[in-house]
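*Asks:* Here's the letter readout for the chains.
2 protein chains.
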Amino acid sequence: MASSSSLTLSQAILSRSTTHPHGSSNPPPPSDHRLSLPTFSLPTFSGLKSSSLPTTASGRRLTSRRRAIRASAAVETLDKTETALVDKSVNTIRFLAIDAVEKANSGHPGLPMGCAPMGHILYDEIMRYNPKNPCWFNRDRFVLSAGHGCMLQYALLHLAGYDSVQEEDLKGFRQWGSKTPGHPENFETPGVEVTTGPLGQGIANAVGLALAERHLAARFNKPDSEIVDHYTYVILGDGCQMEGIANEACSLAGHWGLGKLIAFYDDNHISIDGDTEIAFTECVDTRFEGLGWHVIWVKNGNTGYDEIRAAIKEAKTVTDKPTLIKVTTTIGFGSPNKANSYSVHGSALGAKEVDATRKNLGWPYEPFHVPEDVKKHWSRHVPEGAALEAEWNAKFAEYEKKYKEEAAELKSIISGELPAGWEKALPTYTPESPADATRNLSQQCLNALAKVLPGFLGGSADLASSNMTLLKMFGDFQKNTPEERNLRFGVREHGMGAICNGIAHHTPGIIPYCATFFVFTDYMRAAIRISALSEAGVIYVMTHDSIGLGEDGPTHQPIEHLASFRAMPNVLMLRPADGNETAGAYKVAVLNRKRPSILALSRQKLSHLPGTSVEGVEKGGYTVSDNSSDNKPDVILMGTGSELEIASKAADELRKEGKAVRVVSFVSWELFDEQSDAYKESVLPAAVTARVSIEAGSTFGWAKHIGSKGKAIGIDRFGASAPAGKIYKEFGITAEAVIAAAKSLC
Amino acid sequence: MASSSSLTLSQAILSRSTTHPHGSSNPPPPSDHRLSLPTFSLPTFSGLKSSSLPTTASGRRLTSRRRAIRASAAVETLDKTETALVDKSVNTIRFLAIDAVEKANSGHPGLPMGCAPMGHILYDEIMRYNPKNPCWFNRDRFVLSAGHGCMLQYALLHLAGYDSVQEEDLKGFRQWGSKTPGHPENFETPGVEVTTGPLGQGIANAVGLALAERHLAARFNKPDSEIVDHYTYVILGDGCQMEGIANEACSLAGHWGLGKLIAFYDDNHISIDGDTEIAFTECVDTRFEGLGWHVIWVKNGNTGYDEIRAAIKEAKTVTDKPTLIKVTTTIGFGSPNKANSYSVHGSALGAKEVDATRKNLGWPYEPFHVPEDVKKHWSRHVPEGAALEAEWNAKFAEYEKKYKEEAAELKSIISGELPAGWEKALPTYTPESPADATRNLSQQCLNALAKVLPGFLGGSADLASSNMTLLKMFGDFQKNTPEERNLRFGVREHGMGAICNGIAHHTPGIIPYCATFFVFTDYMRAAIRISALSEAGVIYVMTHDSIGLGEDGPTHQPIEHLASFRAMPNVLMLRPADGNETAGAYKVAVLNRKRPSILALSRQKLSHLPGTSVEGVEKGGYTVSDNSSDNKPDVILMGTGSELEIASKAADELRKEGKAVRVVSFVSWELFDEQSDAYKESVLPAAVTARVSIEAGSTFGWAKHIGSKGKAIGIDRFGASAPAGKIYKEFGITAEAVIAAAKSLC
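Order-wise, the sequence lines are chains A and B.
Note that our numbering gives residue 377 to position 377 of the first sequence, counting from 1, and the numbers run on in steps of one.
Note that our numbering gives residue 274 to position 274 of the second sequence, counting from 1, and the numbers run on in steps of one.
FYI, nobody ran anything at the bench for these hints, they're computed from the structure.
None of the values given here were measured: they were computed from a predicted structure.
Beta carbons are placed, not taken as given, at the ideal position from N, Cα and C, and that holds for glycine.
There may be inaccurate statements among the hints.
[Claimed, not checked] What follows is a set of in silico ranges between Cβ atoms, one per label pair, in the way DEER data are often shown:
(1) B:F187 / A:N133: 43 to 51 Å
(2) A:S341 / B:S433: 28 to 36 Å
(3) B:G725 / A:P336: 29 to 37 Å
(4) B:F187 / A:D630: 36 to 44 Å
(5) B:E366 / A:K424: 56 to 64 Å
(6) B:K80 / A:H269: 17 to 25 Å
(7) B:S341 / A:P427: 27 to 35 Å
(8) B:P434 / A:T81: 38 to 46 Å
(9) B:W297 / A:S225: 46 to 54 Å
[Unchecked claim] Now the stretches of chain B that chain A is said to cover, found in silico as 3 or more residues with beta-carbon under 8 Å:
(10) 97 to 110
(11) 130 to 141
(12) 180 to 189
(13) 328 to 341
(14) 376 to 383
(15) 464 to 478
(16) 707 to 721
[Stated by the list, open to error] BS3-like cross-link-like pairs, simulated, lysine-lysine; straight-line CA separation at most 25 Å:
(17) A:K709 / B:K649
(18) B:K649 / A:K729
(19) B:K743 / B:K649
(20) A:K656 / A:K594
(21) B:K709 / A:K704
(22) A:K171 / B:K729
(23) B:K376 / B:K401
(24) B:K605 / B:K709
(25) A:K103 / A:K316
(26) A:K704 / A:K743
(27) A:K649 / A:K632
(28) A:K411 / A:K132
(29) B:K103 / A:K605
(30) A:K709 / A:K649
(31) B:K711 / A:K711
(32) B:K709 / A:K711
(33) A:K704 / B:K743
(34) A:K711 / B:K680
(35) A:K743 / B:K222
(36) A:K103 / B:K680
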C-alpha cells in the first residue's frame, strides 16, 4: 500500500510529542460538562469526512484513498485536537467497560482499561470491516485471546456500529439472554469471530484464521486481483503467553511464516495471583524470536498512540513472519488506587473507585454515555464498511468474469454450500471387500472427499503415516506452498485443535480435519470442547482407538475416551465398524457444520459386515442383523467399532443354538438419542431386557442402553503392553464372553 | 566436588581426538568373533577397579574418590583402550535395543541407537544410584521423556544390574506380563521413575522431581551435611519439544532456577512424519535462553563422548539455572540404510538391516549378547551402588544425631508414613456452622493438613485467590525461598499436573496438591490420566465446579467433567456437599497415595447439612436422611455437591406431604462401587425403583444408579452467562424439579 506521508518510521516514533500521564490531556472538567466540553471539528482524522464517503461501488477510488490514509496514519503525528479526540474515544471505551462491569458487579475491567488505546487504533484506524455485515468474507479478523477482557471488544463493536451490541446489551453485560456474555462467544455476538476465554485458545484460533487467509489467497489470488486479502489481529495477555497451547500455535505460525498475523501482547505484568514476577519471568521477546516471529516493543501502550501505529505499520512491512507487538500497558489504567494491581483484573472497581477514576481521567459523563463527538466520529464506519464490501463485491464481479472456475469454487467456499451429490464420492463396500483397518478406510474417504469438497483440508499431529490422513492429490501446506492442503502440525495436538477451530470459523465452506491417536484427545480436549461450544464443524480423525493398538501399552490405549466424549454436549462421537460405517461417519461429519465429529478408528484390520450401512450410521444405532420376529428377540447384542464384528460372531453362534438374536450397531449415541421414540423402540424394544453390550473401552454409560438387567462387557481398567489379540483375550473382549453373558440372560 | 584433573573445560573439548564415523573404531570382525575380539584390561575407567570397592560404610572415602573421578571424567580424555570399551558398551546398548525391537517386531530402535552414548555416560559415569535398591532416597533421577525409546532405558537398567530387567525381560519386550512394556512405566519396572510415552510429560515430571529435591534440600540440608543432594537428568526429543506442556514446565524450571535439572535434547531432526523441517523450524536454543535456561550444544552426539562429558560438567557448574544440552545425534545411528530417516523411528529394522547394522558397527554377537568385558565393566555398579547408599545411610545417622527433629521429619517424608492421628487435624462442622463455599472449606482443610503433614505442598495455576489454596503458614516456593510450600504455577495447568506427578513420585511422603477451575481439567487431562495410571496420589483441588460459578459463562462452566472422570480408571472423583464432606474428601485423598483424587468444589455458599459425615464420604454413597422404615422408602433422591442441599430441601417438602423419602449423597461413585453388595443394597435397595438424581452436570452415567425407571435431573447442554441463581432456575436445577420428578414416580 502506498503511503501519503513522507515521514519515516523512526521519525514517526520520535515525533510522538505529547504524552498524557493519566490518559487525557483534557483539563479537569467543570461540573456541568455539557456546556464546557471542548469541541472538535468532525470527523477529524486526516481530514477525511465520513459524509463524503460514497456507499456505492463508485466509492472504490475513495476507499482506496482511505486505505492509504489508514496506512499513513501510522506515521503521522496527529494534531492536538485530533489526539484529544482519540483520548476521548479511548476513555469512552474504558468507561463503557468500567460501567458495564460495575452494573453487572462481575467481570474484568483491568484489561479494557489498559488495552483501550490499541483497541481504538485497531477498530477505528486500522481494521477493515463492515459493521452491518459481520460475515463479510474479506474482513480483517480480530481475536481477543484474553477473552476475560471482552468488554473491550463489546465497547468497540458498539462504537463501530455493530447491531449485536447496543446500549442495552452493554447494560445487560453477563446477564441471562444478553448478547454480551462473560467471555466472547461467536455464537452469541455477531462480530465476535471465535470463542475465547480459556486462555491460549484465541491466539491459536488466530493462527488458524491467518492460515485460512493465506491458503485461500494462494489458491485464488491472481496477479491482477488480490481477491483474498485481510489481516488477522489478536490481543493476548500474560495468561495466554504462559499456556503451552500458545507456544505450540505460535511455533507453527512462525514455521508457516504467516506474515499477516499481527499479535498484540498486552504486557501488563499482572495476572490473577499478582505480579507476573511470581511465576512468569521468562523473556517473551527472546522466545518469540526463537519461534521465528518479528518482535516489536511498544513501551508506552497507555498513551503512546503513535508508537502503536508505527508498530502496526512496521509489522505490515514484514510479510514473511508473523509479528508480536509487545505493548507494555498498565492494567486498570486510569484507576488511581487500583491500576497496576491484580484487584482490577477480575472485579468491579466499586462505586468509590469508579468515581475516583472518573475524576482522574476527567470523565464527567453518566454511566454508559458515549459523547456525541465520539459517536459522530465512529459513525463513519457504517458507511465506510458498506463501501469496503461494495468495493470488494465489484472486484469479485470482475474476478468472476476473468476467472469463472476459480470464482465458482471460491463462492462455494464462502457460502459453505456443498456441491450437489458430493456424498456420492464416498466409497462403498461389500462383505467381500478385503478386511481393512478403519484408519485405512478413513483415508479412502478423506481422499474421496478432497476431490469433491473445495474447502476440505487438514492433517495430523506428526502421525500422518499412522493416522492415514495424507491427501494424495495434494502437497504440504508450507511457507512456500500455501496453496496445498496437507497440514503438518508437528506434535502439537492442542494447538492443532484450536488452529482448526480458527480455520473452521474463517469461512463456512472450509472444512478442516485433524488427526492423532484417540488417546491424545486428552491433550486437545479443551480445544475440542471449544469446537463443540462454538459450533465449529471440525472433523477429528482419531485412530488407534482401543487396546487394539497393542504393544504401545496403556499410555497409548484409550479406555474412557468414548464415554468422556459421549458426555460432552454438541459433539458427535462416531465409532464406525467397517467400510460402509466409516463412509457413513464421514457423511455425517461433513453435513454437521455446526457440530464437531470425532471418528474413532481402528489400527487393526476389520471385516466388512453384512448389514452395515451409511443410512444406519445416520440413525446412530440400528439393527445390523436379526433372526427374531415381531420385534421380540431373545437377546440384543450391541457393539461399536471393532467389537461389532465380535458381537456378530457371538450372534452367529447363539443362533446356531436356536436363539433369536439381534445385533445392534451403536456407532453414535448422540444420533440415536435424536431419533423418534418409535424408531428407538424398533431397535431396542423395552420388553427385551436381555441385552449385552461389548466395547473395548469403559463400560461407563452403557447402563442407559442395556438397562438394569443387561450386561456390559468392556474394560474398566487401564490397558497393557502386548500384541492386540493377546490383550483382547486377556481382557475378555471376546465372542465367548458375549455368548456367556447372553446365555446368562436368556 | 573437587576435580582431579588439571585440564580446563575447553581443553577437554579440544582434546577429543578420536572420532568414529560408524560408532566404532574396531576393525570389521572376522566370522568367528569369539576368537578374534580385541581384549581389554578390565575395569578400565581411570584405573578404578570395581573389585577394590568396599560395600560397607567404610567405603565412604573410596566412594568419594569415585565421585571425584566421575567429576573428572568429564575433562579427561580416555585412552584408546578405554574409548574402545565405551564404544563397545554403547554398541551393546544399541544392539540390545535393536534385538529386542526385532524380536517383538514392534518398538522404536531409532532413539536408543542415537542416544546410546549419552545413555552410557549417564548410567556408567555420571549418575549415582543403587541398582539393588531402586528406591534409595538420594539417588539421581533419570527420566526418558521420549518414552518410546524405552529400550534405551531397559538396556541401561539391565547393564547396571537392576533386578527388574533381566535378559528374559529384554526378550519379552512389549509382551504380556513382561517388565518391559512399550513405554516406560514406573509401576511395572523398578528403576523407572515415572510413566512417560505421551510426549512432553516426562520433561515436566523431571521438573517436579528437581523441584522436590530443591525443596527438601532447602528444608533439611545443614551447613555440615547435605543430606539431600541429587541431580535430575532427562532425555527429551523433538516431539517433547513441540508439545506445549514442555514449554510450560521448562518456563517454570527457568523461573525457579532449578540448577540440578539437566536435560538432554536429542536433536536428531527426525519425527514420525519425516524431517522436522516440515513442522519444527523454530530455534530451540533461543527459546530456552528466553526461558532462562543455560544452553549447551554438543555437535557430535554419536561419538563425541568427551563433548558429552564436558557438557555435563559445564551444566553442573551452572547452579542457578537448569541446563539444556542439545545433543545432535543421528537417529538409528549405525544402520547403514535407515539411519537418519523416519523409518527407523518406530519400526523394527528388519532382519536384513539388522545384519547390515551388525556389519557396519562391527558387532559379531548373537542377539541379546552382552560381551563379557562390557558385562564385567558394568558389574561394578552393584557394589558401588550399595556403597553409595551405605555412605548416605551413615551420613544420615550422623545427621540424625545432630538434628533429631529434622531427621524424624525427613524420615517420615522418605517412608511416606503418615503421622499418627493426622486426620484429627481436619475441621468438623455442624449444621449450625455458617454456610460457606466448599472452596473455602477446602482451604481450611488444606491449612489444617499443612500443619500435620510434613510433605504437604502445592498451589494453583494462577488462581490461588479463587481456588483458595494458599497455605497461610508458608510463603512461596521461589528461587530464593525453596523451603516454602506454596507453589505458583502460573497459567500452566498441564505443566502443573505433570510437575505434581513428578513431585509425587520423588518420595512417598511428599503429597502435592494443585488447583484450577474444574473446567480447566480439560487442559491437564493427559497429566491427570498419568497420575491415575502411574499411581501418583496427587490431589486435584478443582473449584468453580458447575454453572454455580455464574457470569463467566459456558467456557468456564463444567458440564461433562464429573462424568468424564468417573469413566477414567483409578481416579477418585469426589464432589463434597459441605464442610464435613469436604473434610472427608481430604481424608480419603490423603490416604489414597496410589490414586489421584479430584475434588470438585463450589464457588457458591452451601449450608452444612444434617447427616453428612466423614465416614459417609469414605463409603462413596450413603444415606444422609431418611424417614422410611424397613429399607423401603417411597423414593430415593440422590445428589452430589451443591445439589445435595436441593435434594434435601425437596425431601423436606415431600415428607411434609407424607412421603417416605431417602436422601443419598453420592460423593464418590468409585468408593461406592467398592462397597459390599449388602451395603449397596442398604443404600439403594433394588426393590425401590423410584429414584431421582440431581446434579448440575451431565446426566451421562446416572442411569446406572437411578435404573431404567428413574429420572436424572441435570444439564445436557452447555452453560450460560448469568448470575448463578438465575441459571439454576432457567436450567431447572431446583427443588421443584426434584419434587415433580419424585411425584411422577411414586
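*Asks:* All hints are to be evaluated individually against the structure, with a verdict given for each.
*Replies:* Now for the hints, and whether the structure bears them out:
no.: 1; hint: B:F187 / A:N133: 43 to 51 Å; verdict: 58 Å, violated
no.: 2; hint: A:S341 / B:S433: 28 to 36 Å; verdict: 33 Å, holds
no.: 3; hint: B:G725 / A:P336: 29 to 37 Å; verdict: 34 Å, holds
no.: 4; hint: B:F187 / A:D630: 36 to 44 Å; verdict: 52 Å, violated
no.: 5; hint: B:E366 / A:K424: 56 to 64 Å; verdict: 58 Å, holds
no.: 6; hint: B:K80 / A:H269: 17 to 25 Å; verdict: 57 Å, violated
no.: 7; hint: B:S341 / A:P427: 27 to 35 Å; verdict: 32 Å, holds
no.: 8; hint: B:P434 / A:T81: 38 to 46 Å; verdict: 58 Å, violated
no.: 9; hint: B:W297 / A:S225: 46 to 54 Å; verdict: 48 Å, holds
no.: 10; hint: 97 to 110; verdict: holds (count 3)
no.: 11; hint: 130 to 141; verdict: violated (count 0)
no.: 12; hint: 180 to 189; verdict: holds (count 4)
no.: 13; hint: 328 to 341; verdict: violated (count 0)
no.: 14; hint: 376 to 383; verdict: violated (count 0)
no.: 15; hint: 464 to 478; verdict: holds (count 5)
no.: 16; hint: 707 to 721; verdict: holds (count 7)
no.: 17; hint: A:K709 / B:K649; verdict: 32 Å, violated
no.: 18; hint: B:K649 / A:K729; verdict: 49 Å, violated
no.: 19; hint: B:K743 / B:K649; verdict: 15 Å, holds
no.: 20; hint: A:K656 / A:K594; verdict: 46 Å, violated
no.: 21; hint: B:K709 / A:K704; verdict: 11 Å, holds
no.: 22; hint: A:K171 / B:K729; verdict: 22 Å, holds
no.: 23; hint: B:K376 / B:K401; verdict: 39 Å, violated
no.: 24; hint: B:K605 / B:K709; verdict: 33 Å, violated
no.: 25; hint: A:K103 / A:K316; verdict: 39 Å, violated
no.: 26; hint: A:K704 / A:K743; verdict: 21 Å, holds
no.: 27; hint: A:K649 / A:K632; verdict: 20 Å, holds
no.: 28; hint: A:K411 / A:K132; verdict: 20 Å, holds
no.: 29; hint: B:K103 / A:K605; verdict: 22 Å, holds
no.: 30; hint: A:K709 / A:K649; verdict: 22 Å, holds
no.: 31; hint: B:K711 / A:K711; verdict: 21 Å, holds
no.: 32; hint: B:K709 / A:K711; verdict: 17 Å, holds
no.: 33; hint: A:K704 / B:K743; verdict: 22 Å, holds
no.: 34; hint: A:K711 / B:K680; verdict: 18 Å, holds
no.: 35; hint: A:K743 / B:K222; verdict: 69 Å, violated
no.: 36; hint: A:K103 / B:K680; verdict: 50 Å, violated
Figure legend: structure checked against the earlier numbered hints; hints not met, in rising order: 1, 4, 6, 8, 11, 13, 14, 17, 18, 20, 23, 24, 25, 35, 36.
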